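Novice: Could you slot chains B, C and D onto chain A? The hints should help.
As a plain string of letters, each chain reads:
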Amino acid sequence: MTTALNGEQLAEKIIKASPDAVVAVDKGAVVVKSESLYQVAEFLKNTPELDFDYLVNLTVVDYMDYFEVVYHLVSLKHNHSLVLKTRCRDREKPVVPSVVGLWRSADFQEREVYDLMGIVFDGHPNLKRLLLWEGFVGHPLRRDYL
Amino acid sequence: MKFERYGIGIAKGMALTFKHLFRAPITVQYPEEKLAVSRRIRGNELVWFLDKCTGCATCAKACPQGNIEIVTHVGDENNYVVDKFEVDTGRCMFCGLCVEACPYDALAMGRSYERAQYRRGDVILNKEQLQMSDIRQPSGYARPKIEATLPRQNLLVYWDKKKGGQKLRWLSLSKKRGRGV
Amino acid sequence: MAIRTEPFILNMGPQHPSTHGVFRMKVTLDGEVVVDLEPVIGYLHRGIEKLGETRTYTQIIPLTDRLDYVASMTNNFAYVLAVEKLAGIKIPERAEYIRIIMAETMRISSHLMAVGFFLNDLGAMMTPVLYMWREREKLLDLYEMVCGQRLTYNYMRIGGVSHDLPEEFLPAMKKWVAEMPRFIDEYDQLLSQNEILLARTKGVCILPRDTAVSIAASGPVLRASGVKWDLRKADPYSIYDRFDFEVPVGTVGDNYDRYWVRMQEARQSVRILEQAIAQLPEGEVCAKVPKLLRPPVGEAYGHIEAPKGELGFYLVSDNSIAPYRFHIRPPTLINLTALKDMVIGWKVADLIITFGSIDVCLGEIDR
Amino acid sequence: MTLLEQFQLWLGGIWPDWAAYIVPGIVGILVVLGFVVISVIVFIWYERRLLGRFQIRLGPNRLGPEGIFQPLATALKILLKEDIVPAMGDKIIHWLAPVIVFVPVLMVFAVVPFGEKAILADLNVGIVYVVAISSVSAVGIYMAGWASNNKYALIAALRTVAQMVSYELPVVLAILGVVLMAGSMSMTQIVTAQTLPFIIFQPLGFVIFFLGTVAEMNRSPFDLLEADSEIVAGYHIEYSGMKFAMFYLGEYGHALAYACIISTLFLGGWQGPFLPPIIWLMIKVVAVFSVIVWMRATLPRLRVDQLMAFAWKGLLPMAIINLFIIAAEVLLLPEITPWIIVAMNFVFAGVLIVLWSKLFTLGGGRVEV
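Residue numbers (numbering that gives the first Met the number 0), protein chains in the order written: chain A, 0 to 145; chain B, 0 to 180; chain C, 0 to 366; chain D, 0 to 368.
Be aware that one or more of the hints could be misleading.
Below are the SDA-like pairs computed for lysine to any residue, each with C-alpha atoms no more than 20 Å apart in a straight line [what the hints assert, rightly or not]:
hint, chain 1, residue 1, chain 2, residue 2
1, C, K49, A, N45
2, A, K92, A, N45
3, D, K80, D, V353
4, C, K49, A, H138
5, C, K339, C, E185
6, B, K11, C, K290
7, C, K173, C, E95
8, B, K144, C, E166
9, B, K33, D, R56
10, C, K201, D, Y247
11, B, K11, D, G364
12, B, K11, C, K89
13, C, K174, B, K11
14, B, K126, B, D87
15, C, K89, A, M0
16, C, K339, C, F7
17, B, K18, C, I183
18, C, K232, A, H79
19, C, K290, B, N153
20, C, K49, B, K126
21, D, K150, C, P16
22, A, K127, C, Y186
23, C, K25, D, K150
24, C, K25, A, R128
25, A, K127, C, R45
26, A, K15, A, M63
27, C, K174, C, Y186
28, B, K126, B, H19
29, D, K150, C, K290
30, C, K339, D, G364
31, C, K49, A, H79
32, C, K227, A, T1
33, C, K201, D, G364
34, B, K11, D, L175
35, B, K144, C, E283
36, C, K25, A, L131
37, C, K174, B, Q152
Chain D side only, calculated, beta carbon under 7 Å to chain B, not exhaustive [claimed, not checked]:
hint, residue
38, F53
39, L57
40, T297
Bear in mind the hints are in silico, worked out from the structure with no lab data behind them.
Since the model is a prediction, treat every value here as computed from it, not as a measurement.
Glycine residues also receive a C-beta, built at the ideal position from the N, C-alpha and C atoms.
Chain A with its partners taken away, still in its complex shape (with noise of 0.2 Å):
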């Protein structure tokens, strides 16, 4: 059986690896900055207790006064996952760190986002549009799209 991670242990152990990274915290979830996004996400990956190398799911939630992006980690060899989430208010031009460079999982995922969504992720080697053609104006999966 997967064990979820409890958020809010968890949440202490990033904040003594980077400190003002956690937004909010609650049992299945962390939040952390978006600035901060790439820190934590090595530190999650790289940290051998957490191991978590298997990216399931990237997404994003349209909450209207912010963007929630989602992401799924999984750690196969101690069998435990955490939902980690960032946030970000700009909708004309909401910028996250790419992880492509951790999780190569993500980069289809991305391209995904970028092109339903409209977030720019940064750092991103070929952020293009995925689904729709090229020219199409703008993002239809956001909640205002219509």
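Specialist: This is chains B, C and D only, laid out in the frame that chain A set:
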């Protein structure tokens, strides 16, 4: 990569295909031979029972596509009278949710599967067209009473054991063959 | 004197017999050797995620049929699991078993089709496909008997399944399960030792273990690379912890391993089916669930081991009748990331079979 | 003296010399052409039906009794199609290519003996003529691939050239074994030399020749230049209508021609008891063709480098060794009972196949780019 097994693997595979030469074909000659479809088949086109329908529009609400258009007015006995009941079969995905939703068994899936039309307008069916007729029989999907009356389905699992299975004939059809097109 | 050569770009697809749908690859070739590859997708994009935001939880189930249309029952399964997790619904025992039976038969039929078309890509002119399709066709008959359709089943419901099994289902299913190992043996006889198949697939287009994990490959692609990660064992959803089965794991991660893992998984699925049919209890098949479900505010990620990999549904609820956010984690889109890594330096023919060995379904990739 | 020459001689008594020379030739050509076209149509039907049976389905059975007219309908459909030439293609070569593919196939039939005297031209170098003529169609295929201005077609064309050149060698060497044993290159004399069919004398030669010819007629598992799952249809991807029909006819004609040659060289040609010679030849041809269809129904395709390796590392050395063995036997043991040679050759064939299975490797792996 070496041919370590001297081609025995290839020979085995060829023996298997050779064995299949003596097995009965599993295809049927469709327009002439028709298999009995499932009793619960969600075939083309809905069947609507005018007398059972109360005009509650539960089906229209259940439809994911918004295909069912229903217009009613209040009648003499304080009931709904259905003025218009139209289904755009062209957009229907035959999920059967409307049939499941109907509380009065007034709607059923059809049993037919040969109802292609030449014009797009012809697939929009109105009140009269939707009622049961010879070519439009209801299936037993979510309607256990109808299901009990329908014939059993032909199953490929029982293909060459029971009656109805294809026999191996070297020259395929001989008598059953139709005229072809 | 070295001969001066020039690479050229070949547009494979969207209309190409072996792209399993409408998939396009911009392949840079140096003679026959693949130098670079860029997948282009989206030709089948229907915006299912956006559509899902405007439909009730029940109305989404037919949409999930249209994801991986080769194995739509498992899509239903994954989706209803996610909704049940979100709303906290407990489902009856019999429904659990029926779901397992459906999911495992679906896995076999999907694997049969995957292997068959993999062989078709190899050039074995339709024969393995048709032999495998025969068994798949028997299953489709049974699905038709249960839920009235052969492709888009729409069978699972939130809280159970839509109908109970008809009385003639179990005898037919038992007969099929009893026959299946013999047919798998036949496929093995036809394929597993065939020298040409071995020459074409052994050691070809290897996906190393590290890469497989890094790209989050899942399903047979991941297991062929030697990672023992099957959600049925690692995170037993539904009632998978009650069954006794093994997870076949490949050794090197070449095309042969991906083929082999699929055949072995089909065997294991037959084992699960035997147990599930023997244990099938009587009782209700659907829990009492309100017609217009309003799950509490929250989010849930439900995932299952679909035939092609980890299929996940991420649902966010705002206590209305439609999900606030409906996200699908398509296994093959993410497995497709591996394609470029695998084929660089191999020939065009290897590119085709490697693409076949990932077993993509474009309905799922493009959504 | 062949039937044709007798006809010419008889006509020479009535008509002027030039007419007596030309008219029987034209009649003979028409007979052979009709034979080829009709057999090709029958063979297409036969292949589709047989393939259907291998794949537990029926195959075409609608048009006419058992669907025998299906190829005619297909041919009619193809002929009625619009003839499309790619805008950027080389139009003259595009037009010429199907002709160059089809004509050599027809020419091969000139030396196929349908009976003791039923042969169009009993050349004393018949088999050399076959080898020379049949490789011309590779040029046609290359032209088709080049002129189509299509990358798939170009890949197919390049594959064709490589494949044809490679497989020509083992085929010729296997033929040499037969020629040594028969002591003649004339097709009729090769047939009459076979008191026992040469397949019994030279099992290895037969295997090499069979695989080589299957590769030359581009049938599965060596159908790389059509490879519909990789390069779609290969060289004829840009062809339609009559030109496509020519390719189609050429392809099946090629198969028919090689089936005839295999029957003639190794299976005893028209020889056989009771039945007339032409029937015996057709039985053998159909048997050979059935095996080809059977292989097509079972086997996956080889990759291009494996195909090359199979020719150069597998078939060619074996063919050379086989040739030496046959030569030694013919030279040193001319008077020995044939069954001893048969036994010896079976042993040699077994040893060589086992040895080569252990020794040679099929193709390379990944190329660093």
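Novice: Determine for every hint whether it applies to the structure shown.
Specialist: Here is what the structure says about each hint:
no. : hint                : in the structure
1   : K49(C) <-> N45(A)   : violated, 36 Å
2   : K92(A) <-> N45(A)   : violated, 30 Å
3   : K80(D) <-> V353(D)  : violated, 51 Å
4   : K49(C) <-> H138(A)  : holds, 11 Å
5   : K339(C) <-> E185(C) : violated, 33 Å
6   : K11(B) <-> K290(C)  : violated, 56 Å
7   : K173(C) <-> E95(C)  : holds, 18 Å
8   : K144(B) <-> E166(C) : holds, 15 Å
9   : K33(B) <-> R56(D)   : holds, 16 Å
10  : K201(C) <-> Y247(D) : violated, 34 Å
11  : K11(B) <-> G364(D)  : violated, 26 Å
12  : K11(B) <-> K89(C)   : violated, 51 Å
13  : K174(C) <-> K11(B)  : violated, 27 Å
14  : K126(B) <-> D87(B)  : holds, 12 Å
15  : K89(C) <-> M0(A)    : holds, 19 Å
16  : K339(C) <-> F7(C)   : holds, 17 Å
17  : K18(B) <-> I183(C)  : holds, 15 Å
18  : K232(C) <-> H79(A)  : holds, 13 Å
19  : K290(C) <-> N153(B) : violated, 34 Å
20  : K49(C) <-> K126(B)  : violated, 33 Å
21  : K150(D) <-> P16(C)  : holds, 16 Å
22  : K127(A) <-> Y186(C) : violated, 42 Å
23  : K25(C) <-> K150(D)  : holds, 13 Å
24  : K25(C) <-> R128(A)  : holds, 15 Å
25  : K127(A) <-> R45(C)  : holds, 19 Å
26  : K15(A) <-> M63(A)   : violated, 32 Å
27  : K174(C) <-> Y186(C) : holds, 19 Å
28  : K126(B) <-> H19(B)  : violated, 52 Å
29  : K150(D) <-> K290(C) : violated, 57 Å
30  : K339(C) <-> G364(D) : holds, 17 Å
31  : K49(C) <-> H79(A)   : violated, 31 Å
32  : K227(C) <-> T1(A)   : holds, 14 Å
33  : K201(C) <-> G364(D) : holds, 10 Å
34  : K11(B) <-> L175(D)  : violated, 32 Å
35  : K144(B) <-> E283(C) : holds, 19 Å
36  : K25(C) <-> L131(A)  : holds, 17 Å
37  : K174(C) <-> Q152(B) : holds, 16 Å
38  : F53                 : holds, 5 Å
39  : L57                 : holds, 5 Å
40  : T297                : holds, 5 Å
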